[in-house]
Amino acid sequence: MYWLNMLILLPLLGGLLIGLTGRNRTTFAQWAALAVTSAELLIVLGLWWVATPGANGYLYVVRVPWIPTMGIQYLLGMDGISLLLVLLTALLGPVAVLVSWHSIRHNWSTFAALILATQAGIMGVFLALDLVLFYVFWELMLVPMYFLIGLWGHERRLYAAYKFFLFTVTGSLLMLVAILGLYFVHGEQTGIYTFDYFELLHTQLPESSGMWLMLGFFVAFAVKIPLFPVHSWLPDAHTEAPTAGSILLAGLLLKTGTYGLIRFCLPLFPEASAIFAPVGMTLGVIGILYGALLALVQEDMKRLIAYSSISHLGFVVFGIYAWNLQGLNGAVLLMLAHGVTTGAMFALVGMLEERSGTRALTHLGGLLSPLPRLGAMLLLFTLSAMGMPGLANFAGEFLIIAGVFQISVGFAVAGALGIIAGVIYLLWMYQRAMLGEVKKNRAWIDLNLRETVALGILVIAVLWLGLYPVPFLDNVQVPVATLIELNTAAMAGTADALH
Amino acid sequence: MRSTDLISLAPFFLLISGGLTVLMLGIWPQRVSTRSLTAVTMAFLLLSAVATLFWKTPFEMSSMLVIDDMSRLFTLLFMLSAAAIVTISYRYAPTRNEIREEYLSLILFATLGMTMLVTSRNLVSAFVGLEILAVPLYALIAWKREQSAIEGGIKYAVLAGFAAAFFLYGVALAYASAGTLDLVALGSVTTDERLLLSVAVILMLVGIGFKLALVPFHMWAPDIYQAAPAPITALFASIAKIAVLMFLIRLLCLQLQHIWEALLPLLWILAVISMIAGNLLALHQQNLKRLLAYSSIAHLGYILVALAAGTALGRDAAIYYALTYALMNLGVFAVVAAFSLPHQDRQDLKEYRGLGRHYPVLGIAMGVCLLALAGLPPTAGFVAKLLAFGAAIEAGHIMLAIIAVINTALAFYYYLRILVVLYSEEKREQNVTQPSQGTSAIVVVVSLLLVGLGTFPERMLMIIGTF
Chain A
1 MYWLNMLILL PLLGGLLIGL TGRNRTTFAQ WAALAVTSAE LLIVLGLWWV
51 ATPGANGYLY VVRVPWIPTM GIQYLLGMDG ISLLLVLLTA LLGPVAVLVS
101 WHSIRHNWST FAALILATQA GIMGVFLALD LVLFYVFWEL MLVPMYFLIG
151 LWGHERRLYA AYKFFLFTVT GSLLMLVAIL GLYFVHGEQT GIYTFDYFEL
201 LHTQLPESSG MWLMLGFFVA FAVKIPLFPV HSWLPDAHTE APTAGSILLA
251 GLLLKTGTYG LIRFCLPLFP EASAIFAPVG MTLGVIGILY GALLALVQED
301 MKRLIAYSSI SHLGFVVFGI YAWNLQGLNG AVLLMLAHGV TTGAMFALVG
351 MLEERSGTRA LTHLGGLLSP LPRLGAMLLL FTLSAMGMPG LANFAGEFLI
401 IAGVFQISVG FAVAGALGII AGVIYLLWMY QRAMLGEVKK NRAWIDLNLR
451 ETVALGILVI AVLWLGLYPV PFLDNVQVPV ATLIELNTAA MAGTADALH
Chain B
1 MRSTDLISLA PFFLLISGGL TVLMLGIWPQ RVSTRSLTAV TMAFLLLSAV
51 ATLFWKTPFE MSSMLVIDDM SRLFTLLFML SAAAIVTISY RYAPTRNEIR
101 EEYLSLILFA TLGMTMLVTS RNLVSAFVGL EILAVPLYAL IAWKREQSAI
151 EGGIKYAVLA GFAAAFFLYG VALAYASAGT LDLVALGSVT TDERLLLSVA
201 VILMLVGIGF KLALVPFHMW APDIYQAAPA PITALFASIA KIAVLMFLIR
251 LLCLQLQHIW EALLPLLWIL AVISMIAGNL LALHQQNLKR LLAYSSIAHL
301 GYILVALAAG TALGRDAAIY YALTYALMNL GVFAVVAAFS LPHQDRQDLK
351 EYRGLGRHYP VLGIAMGVCL LALAGLPPTA GFVAKLLAFG AAIEAGHIML
401 AIIAVINTAL AFYYYLRILV VLYSEEKREQ NVTQPSQGTS AIVVVVSLLL
451 VGLGTFPERM LMIIGTF
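Residue numbers (our numbering), protein chains in the order written: chain A, 1 to 499; chain B, 1 to 467.
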């Protein structure tokens, strides 16, 4: 299926072309970037439309030898989970371009090239099934994002960009060690030296080395998600990034971490992950509560949303390590919902900042009457973020809590407390920004057509996810069932070992 | 002398006669323009590069030289890089009007030394090669008439003298242990002579360590990187080091494998301290050339990570890394040379502010080279690191691999810092020299090679696998 290649090559080549030809031609760069991202979205929608699952749950697979001497292939595959995340990636592309239209003032062509390169890298991460190829894309999405933050960010952009890059790169290099370790363990056992995901799934790992290799992967993903002790890059990076950068970071980059857990950590190391699951859930619950508590005291809107992301992604990890039907379904749904909702929130804060010149809640207030459309949009997404039934996040959070409840009531209660805290900080944020007295009087301009279109795309997604999530859940049935089988087998194995 | 001998020696003859011809042009009655001197030098370099293509491999020359695919690959690399360095020097502003017959013939002789090193299968020919390489370098480092340049040249001469002394002592001990200087013969010594031979190899390793600037023999590197004109820094930072390294690889990995296995713990330690010291010293360095000096110390550390594995994969990884290393450094220093001010190289990182925006081609090339140095896919630097770390893990050196990746992560910090400076807001720049087209062409080719070797490494890996 060469359409999978197109998903990666289109933004990559489009970005290259815009970067090379668009110097000093801002309008051309803007429209070209919009065209490329829209074409990408259409391709993904088409793929979704015609998708017919194969026997193992994979809809499309591309397999080309790349470095045969080392057993490295160009292996792309799309199953239901990848499909949904690719859809999210394609959806946020045009939004990121549209919100940057006027807020990016210099070097639009380079900016567009970097946005598109990031998108290509993320697509690759969600599609790659050869571990080296995965690593290549994993790093490939970092560099353009680094420059997006470092060159177009706010005041402390360089500090934030370094911190972001060094945290993630350290994690991913440890994953590289684990990848190589797995490669040699598998090679010694079977005589086949390969980085092929499907082959490596059947590696019999000795217990201790399985745990170490799993931890190598886990560290890389934990940094990206981010989980509690390694999260400190996120508030800085989100706050300092330009709006489009924040959208891509929160909407997509964080999802690569949770996707990695689902795609690699659990299936490659089922035994080690089963042992590790309680730790994973604990880290998740710490993330939920810690993120929520810190969000309560933030004055900067972007920082507040950044901390709320930590909290929501904690939920996703929670659901993944609950490792049952509801938990995993909920995790995938919440990943999509969080991507859409938080993307929209960052876009709205960006628009608010363009108009008022500040993100500080203390300087805002009473903006609902001069900006009714913006206020209404913000209300919708705020309600969605705090888990209002009928909007995107609710279904995911509900399923996760239901899944976790089967494992441990205590954890479920702690998670529910996180939701309550979420209601408090989000409503409080909305109240301080939008209600009350107008602090500054100036000529306010409400959302224009471009901004309405960008947000409109996301409104449709939020409502769809909230009201009728079945089409999305249908896609994840097969992969989730496979994962649960693995868990059952691993638990049985552990139980056998104990007897 | 048979015809095969002549064919094998043709590149050597061409380099020698080239060096002498260029010198002779200096006493030509009319003044020969720098342009034609450069053209003659280039012609000899390219001719000898072509001559290596006619080599019949493998072939041994009276137990002094060995002509095989490895020596051909690296000889070609040396010749072409030397040609690139001649091109860069031609329009390099700080030594304008000083690039005359002496300079160019010294480059030719240095190339001859490298070629001898990489082809030698005898400790004596290796020593001769080492010296033919070192002596031109003293003069080239001190080329500018400045206090610091001369100081650098003398420093290099003294240290290289030390290195040569250690190396010679090692050679003497090797002769004492086995009664031969032939590498193949040394490879088949009996067990009871191995202790003395190990000591001999360690002494040679000290000598080589000086040349490669491994920690703890690295003190000279930053001063001399800074003092030398950028094209010369490109010469000894990339290909000259690789020539010495390739001799080490031939010595340890191809001929004296039993000694290699005995020395693995030593290589392990050298790798760790070179990586850590190199990266830590580079971290807050403000002078770009010094920073690159420290970074290349760290890179030699990564190469030793591969060598410390003691396996075939380790050897291949080291060779691939060596090739990549030469290209990356050549590219970086070519850009430094292109950005030079009229009278000297830009030193401080601040002086590079905004240059990447001003000169897109050089900026992008510098970006590619730096990302390759950092080890980011899809550049050759990534494949090299993948192989090196893979070799370490295969050999069970998990700790070494983890130290290496943490160092790699650390190194990202300073490489990115350079890139950010290059692309930050430009200030109005006075006295900019327009970079020459030759230099631009070279950096473009080097960047393309780096990306090409990173995306399609298969062919090169196959070639290296047959060594």
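Bear in mind the hints are in silico, worked out from the structure with no lab data behind them. None of these values were measured; they are calculated from a predicted model. Hints may be right or wrong, so weigh each one.
[Said to hold, decoys possible] Just so you have them, the derived chain A footprint on chain B, three or more residues with Cβ under 8 Å:
#, segment
1, 73–80
2, 158–167
3, 452–464
[To be verified] The calculated label-pair distances, taken between Cβ atoms and stated as ranges, are:
#, chain 1, residue 1, chain 2, residue 2, range
4, A, Glu199, B, Asp182, 44 to 50 Å
5, A, Glu199, B, Thr466, 25 to 31 Å
6, B, Arg459, A, Gly493, 56 to 62 Å
7, A, Glu199, B, Arg35, 56 to 62 Å
8, A, Asp300, B, His343, 57 to 63 Å
Note that beta-carbon positions come from the ideal geometry of N, C-alpha and C, so glycine has one too.
Verification of the supplied hints:
no. : hint                            : result
1   : 73–80                           : violated (count 0)
2   : 158–167                         : violated (count 0)
3   : 452–464                         : holds (count 4)
4   : A/Glu199 / B/Asp182: 44 to 50 Å : holds (46 Å)
5   : A/Glu199 / B/Thr466: 25 to 31 Å : holds (27 Å)
6   : B/Arg459 / A/Gly493: 56 to 62 Å : violated (44 Å)
7   : A/Glu199 / B/Arg35: 56 to 62 Å  : holds (59 Å)
8   : A/Asp300 / B/His343: 57 to 63 Å : violated (49 Å)
Hints 1, 2, 6 and 8 from the list above are not met by this structure, while the remaining hints are.
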